Amino acid sequence: DIYAAGDVAEFEGMPYGIWPAAMEQGKIAGNNMAGGDMVYEGTVMANTLKVVGVDLASAGNIDAENEFESQVFTDENIYKKIVIENDKITGCIMLGDTKGFSIMTKAISERVDVSKIKNQILSAGFNFDG
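Note that the working numbering has the sequence shown beginning at 127, numbered continuously upward.
Hints are not guaranteed to be accurate.
Here are the simulated lysine-lysine pairs, DSSO-like style, with alpha carbons at most 30 angstroms apart [stated by the list, open to error]: (1) Lys232 to Lys176; (2) Lys232 to Lys207; (3) Lys153 to Lys244; (4) Lys214 to Lys232; (5) Lys207 to Lys244; (6) Lys225 to Lys242; (7) Lys214 to Lys244; (8) Lys153 to Lys214; (9) Lys242 to Lys207; (10) Lys176 to Lys153; (11) Lys214 to Lys176; (12) Lys176 to Lys244; (13) Lys225 to Lys207; (14) Lys207 to Lys176; (15) Lys225 to Lys176; (16) Lys232 to Lys242; (17) Lys244 to Lys232; (18) Lys225 to Lys214; (19) Lys242 to Lys214; (20) Lys225 to Lys244; (21) Lys153 to Lys232.
Have a look at the derived ranges for each label pair, beta carbon to beta carbon [to be verified]: (22) Glu136 to Asn192: 25 to 31 angstroms; (23) Ala190 to Trp145: 20 to 26 angstroms; (24) Asn173 to Asp201: 30 to 36 angstroms; (25) Thr200 to Val178: 43 to 49 angstroms; (26) Glu202 to Met140: 19 to 25 angstroms.
Calculated from the structure, these hints are not laboratory results.
A quick note: this is a predicted structure, and the numbers were derived from the prediction, not measured.
Where is the CB? At the ideal position from N, CA and C, for every residue including glycine.
Please construct the entire structure, taking both the sequences and the accompanying hints into account.
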């Protein structure tokens, strides 16, 4: 058997090159080397950084081609976009305010149905943590 994880590994033809994918792949490879039977199903591509003092986070498919439904919120210092496909969040961008980013990435990876709340997710006062 051959086991690989991190920057040297590709999944479905794609090298992830991000730390969360390397950690997840490493856990699965280690488990399987010890006799386990875990399957890697991919990692949500997510990155956070600070640009000139402004927080920026993105995850999943940001849908640059505008092929899918999206919700966008903007004000003077904030831009947020969520991409929705088949009532599930498939990607997001948060600039200026990244509150709730970990909840978004979890919703993306767990393919949570947001059909009942999708029009409220980016509204002012929406509680990402509740």
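Hints the structure violates: just list their numbers, smallest first.
3, 24, 25, 26
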